[in-house]
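Asker: Sequence:
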Amino acid sequence: MSDAANLEALLPSLPLFANVPKSAVKKMMEEKHMRFRSYASGDVIVRQGDLDTEFFVVIEGLASAYRTEDKGKTALLGSYGASDFFGEMSAISHQPRSATVKADGPCVAMMLDVTIFQLLFNDKKSSFAKLIDERYRERALAFHLMTAPIFKTADPEDLKQVAKGAELVSHPKGTVIAEEGGTADAVYLVRSGIIKRAGKGASGEDLIHDYLCDNSSFGERALTEDRGWSWTCTTLSHVDLVRLPLELFEQVFRDRHKRTRLQEQVDLLIAEEEGSIGMNAVGEQFELLVGKQTVKGTEALVIDLKKCTRCNACVESCVAVHDDRVPRLSKRGIREGDLMLSSACYNCKIPECMLSCKFGAIRRDVDGQIHIVQDNCVGCNMCESACPYGVIRMAHLLDEAEEAQFQAENSIWRSIPIVGSLLRKRAAAAVVEGEEEAPKSAGKAKAIKCDLCAGLPFEACVYNCPCGAIARRSPTALQGADS
Numbered sequence: 003m004s005d006a007a008n009l010e011a012l013l014p015s016l017p018l019f020a021n022v023p024k025s026a027v028k029k030m031m032e033e034k035h036m037r038f039r040s041y042a043s044g045d046v047i048v049r050q051g052d053l054d055t056e057f058f059v060v061i062e063g064l065a066s067a068y069r070t071e072d073k074g075k076t077a078l079l080g081s082y083g084a085s086d087f088f089g090e091m092s093a094i095s096h097q098p099r100s101a102t103v104k105a106d107g108p109c110v111a112m113m114l115d116v117t118i119f120q121l122l123f124n125d126k127k128s129s130f131a132k133l134i135d136e137r138y139r140e141r142a143l144a145f146h147l148m149t150a151p152i153f154k155t156a157d158p159e160d161l162k163q164v165a166k167g168a169e170l171v172s173h174p175k176g177t178v179i180a181e182e183g184g185t186a187d188a189v190y191l192v193r194s195g196i197i198k199r200a201g202k203g204a205s206g207e208d209l210i211h212d213y214l215c216d217n218s219s220f221g222e223r224a225l226t227e228d229r230g231w232s233w234t235c236t237t238l239s240h241v242d243l244v245r246l247p248l249e250l251f252e253q254v255f256r257d258r259h260k261r262t263r264l265q266e267q268v269d270l271l272i273a274e275e276e277g278s279i280g281m282n283a284v285g286e287q288f289e290l291l292v293g294k295q296t297v298k299g300t301e302a303l304v305i306d307l308k309k310c311t312r313c314n315a316c317v318e319s320c321v322a323v324h325d326d327r328v329p330r331l332s333k334r335g336i337r338e339g340d341l342m343l344s345s346a347c348y349n350c351k352i353p354e355c356m357l358s359c360k361f362g363a364i365r366r367d368v369d370g371q372i373h374i375v376q377d378n379c380v381g382c383n384m385c386e387s388a389c390p391y392g393v394i395r396m397a398h399l400l401d402e403a404e405e406a407q408f409q410a411e412n413s414i415w416r417s418i419p420i421v422g423s424l425l426r427k428r429a430a431a432a433v434v435e436g437e438e439e440a441p442k443s444a445g446k447a448k449a450i451k452c453d454l455c456a457g458l459p460f461e462a463c464v465y466n467c468p469c470g471a472i473a474r475r476s477p478t479a480l481q482g483a484d485s
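Residue numbers for the sequence shown follow the numbering used here, beginning at 3 and rising by one.
No wet-lab data here; the hints were simulated from the structure.
Treat the numbers as computed from the prediction; the structure is a model and nothing was measured.
Hints may contain errors.
SDA-like, lysine to any residue: derived pairs with alpha carbons at most 20 Å apart [unchecked claim]:
| id | residue 1 | residue 2 |
| --- | --- | --- |
| 1 | Lys166 | Ala156 |
| 2 | Lys24 | Pro14 |
| 3 | Lys333 | Thr311 |
| 4 | Lys127 | Val171 |
| 5 | Lys73 | Pro17 |
| 6 | Lys154 | Ile272 |
| 7 | Lys132 | Pro17 |
| 8 | Lys308 | Gly339 |
| 9 | Lys162 | Gln267 |
| 10 | Lys126 | Glu90 |
| 11 | Lys166 | Glu252 |
| 12 | Lys260 | Thr226 |
| 13 | Lys29 | Lys73 |
| 14 | Lys166 | Asp257 |
| 15 | Lys126 | Lys73 |
| 16 | Lys126 | Ile61 |
| 17 | Lys162 | Arg137 |
| 18 | Lys308 | Ile272 |
| 19 | Lys162 | Asn217 |
| 20 | Lys308 | Arg474 |
| 21 | Lys333 | Asp453 |
| 22 | Lys104 | Ile61 |
| 23 | Lys360 | His373 |
| 24 | Lys154 | Glu56 |
| 25 | Lys132 | Ala165 |
With beta-carbon atoms standing in for the labels, derived distance ranges [claimed, not checked]:
| id | residue 1 | residue 2 | range |
| --- | --- | --- | --- |
| 26 | Arg263 | Asn21 | 43 to 53 Å |
| 27 | Glu62 | Thr155 | 37 to 47 Å |
| 28 | Glu266 | Phe145 | 17 to 27 Å |
| 29 | Phe460 | Glu136 | 46 to 56 Å |
| 30 | Phe145 | Asp86 | 15 to 25 Å |
| 31 | Arg312 | Met148 | 21 to 31 Å |
| 32 | Thr149 | Ser85 | 26 to 36 Å |
| 33 | Ala84 | Glu159 | 32 to 42 Å |
| 34 | Gly457 | Glu62 | 31 to 41 Å |
| 35 | Thr155 | Ala388 | 37 to 47 Å |
| 36 | Glu10 | Tyr68 | 30 to 40 Å |
Where a beta carbon is used, it is the ideal one built from N, C-alpha and C, also for glycine.
Turn these sequences into a full structure, and let the hints steer you where they fit.
Answerer: Structure (structure tokens):
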């Protein structure tokens, strides 16, 4: 029996899927979004620290979660039996796994990819979303509170009371959560997503203070006499928050000594924030990068136009390391001064391309790199449309027969050093400019992007640039260069 048939028979017995819409069930039936996996005793289902986003529901057997602390001590966190689930935190926040889960004996689990998980979780009226939030309160909220700077000196028992009164809220992209000058009435912890804090400078100019990602907090000024928002807080993506109302603090921290310790921590956080205003003022290059939402990613491919001699060695080397003769490197992008921010993959923390793919063709590995599985790609171009940076494009890739023919037609001339070099440069330029001489396949176009030369010990474009004009740089490095 297929996974889809198994799922159809199984769903009615799982509380998690009690009132899931039929459209979502139909999508789950697509086997590339859902799979059943069998594990032997001792098998690792997920590993602490791995950067993946699959969500698991135990169907048969038993599995246990273990967490290893920095000092090397490993503790048992709990066990999961039939109908229990795990992996929701990584699916929500796209953060590394917080624990290792192993099968205690023969075990069968249903695995959902992040596309389906987000579809189900974003329907806040569904039993799926409600049970996920309930489990977050049970498993993760207390730990989240303990890691928040504001609660660094708080007693664990007090944090349990805070957890009971916490509100779990969600906001779509573009929502203004707080307005500069308004009255703060709550402290917020970020479960997932990205928030921009911005305001006006001394001369009335627009000033971006910083960006808040997973496990950040803001709104501590609600606990001061001033209680005014210093910044306007706007969501840059779908955001899940923990809202802690002012009344909750007044109720839990009524004791004078506890209140004093909390207030000292709040004052320290505000002093650090005020001291960093000058340092965190975003430079033009950094703001350009973040304005294009690159804050969701890790590093940008930057070309220094002062150093670049236009020799095309970067594109030529990119062609050379890909068997299909199609370069992943693009020399188009955002230009600011002498820097060109090339349209290369930023390996987003929240990859819109992966969420949009309905065929499981886009995956993220344990190092956070986004890869396209060509065998799964059907050429629908949904990922190309979803990518906010124009990194993904559709291209006709050569199959094995076409590649052999292409090599045979060019092998004699390419073997001559000078002529071969000119031919390779022409082929590279032809692919970039879209000329007819570029090798074309008669098959369906598929999605491609820079894959960071996966499988090689170096990135070909960076390694082969003779003048050091191309490099991968983080947003913070660009900020430093601008200041």
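Asker: Hints the structure violates: just list their numbers, smallest first.
Answerer: As far as the earlier hints go, 5, 13, 15, 16, 18, 24 and 31 are violated by this structure, in ascending order.
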